[in-house]
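Sequences are here, hints too, so could you generate the full structure?
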Amino acid sequence: MNEPAAGCEFVAEPPADLATPEFSRLYAENSRAIYYLALRFLGDPQKAEDATHDVFLKAFRKLDQFRGEASLRTWLYRIAINHCQNLRQGWHDRHVFSNADDAVWENTTAGTDSPLRVLEIKELGQRIQKTLDGLPDEYRLLLLLVADEELSYEQVGALVGQSPDAVRGKLHRARKTFAALFKKTA
Amino acid sequence: MKQQTKLSEEQQQQQRAAEQQTQKQSAREFANAEEMLRYDAAHTTVPPGIAQRLRKSTGQTSAPPPRSWWRNLLGR
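Sequence order for the protein chains is A and B. Going by our numbering, the residue at position 181 of the first sequence is 188; the numbering climbs one at a time, nothing skipped. Going by our numbering, the residue at position 42 of the second sequence is 28; the numbering climbs one at a time, nothing skipped.
These are calculated hints, taken from the structure and not from any lab test.
In silico EDC-like links for lysine to aspartate or glutamate, alpha-carbon gap of 20 Å or less:
#	chain 1	residue 1	chain 2	residue 2
1	B	Lys42	A	Glu56
2	A	Lys137	B	Glu21
3	A	Lys129	B	Glu15
4	A	Lys183	B	Glu15
Simulated restraints, written as ranges between beta carbons of each label pair:
#	chain 1	residue 1	chain 2	residue 2	range
5	B	Ala17	A	Gln133	17 to 25 Å
6	A	Arg175	B	Gln0	45 to 53 Å
7	A	Val167	B	Lys42	31 to 39 Å
8	A	Ser159	B	Gln1	45 to 53 Å
9	B	Gln(-2)	A	Gln136	33 to 41 Å
10	B	Arg2	A	Asp172	47 to 55 Å
11	A	Arg180	B	Gln(-2)	47 to 55 Å
12	A	Gln92	B	Ala28	19 to 27 Å
13	B	Gln0	A	Glu29	50 to 58 Å
Quick caveat, the model's predicted, so the values are computed rather than measured. Where a beta carbon is used, it is the ideal one built from N, C-alpha and C, also for glycine.
The following block contains the structure:
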């Protein structure tokens, strides 16, 4: 029968023997989260692999500048978001999502409050990618960050430049839009 | 001949039942988008090539210099 998907979290990767023990630990604890963000934000496994490498290389070079004001995860996310947004900037013309389109999705009410059901897990990744590709960048990023249980609404807000209340409000609309789009991918 | 046909019908039924069971097992419900993304993330493998490339890149890059004594002293 249908099972709830509880207990799914960003599990640490096995430690990689990298330049320093601290950097190996940083990579082991955060590589899955950063790779997943890059993968679903860029929608291309090869570009996500390159981006994840570049993000961790930047982090390695700037580790001494980390001031400890935010968590390491948040700091890495900030580097990753800047990097991915810069990469996407080049393709912007091909991926324009107008406000008019946004309104169409937000006005879609049919069945968006019901649970999201999938029959074939193997197709899940493709359907998620297709759905995320149809979302405005702001909603895509918000959902990907909120999906990380290690981040609070305050931390997500700081990463996207919004107040925690604004994050909650936008998250509601992002969920609704995601659900409407996801059902169209079946 | 008839027995063979009956047997194959039974086999077909068993196969159909097994397929239905598989489909039921693979069906999942997610309360919202984040839950689905969390599940997807948990089933996403980080390509091992990234760590290999990082090993090379960080070998070529000098390790970050240790904090100077006066930075430690001033907490900057």
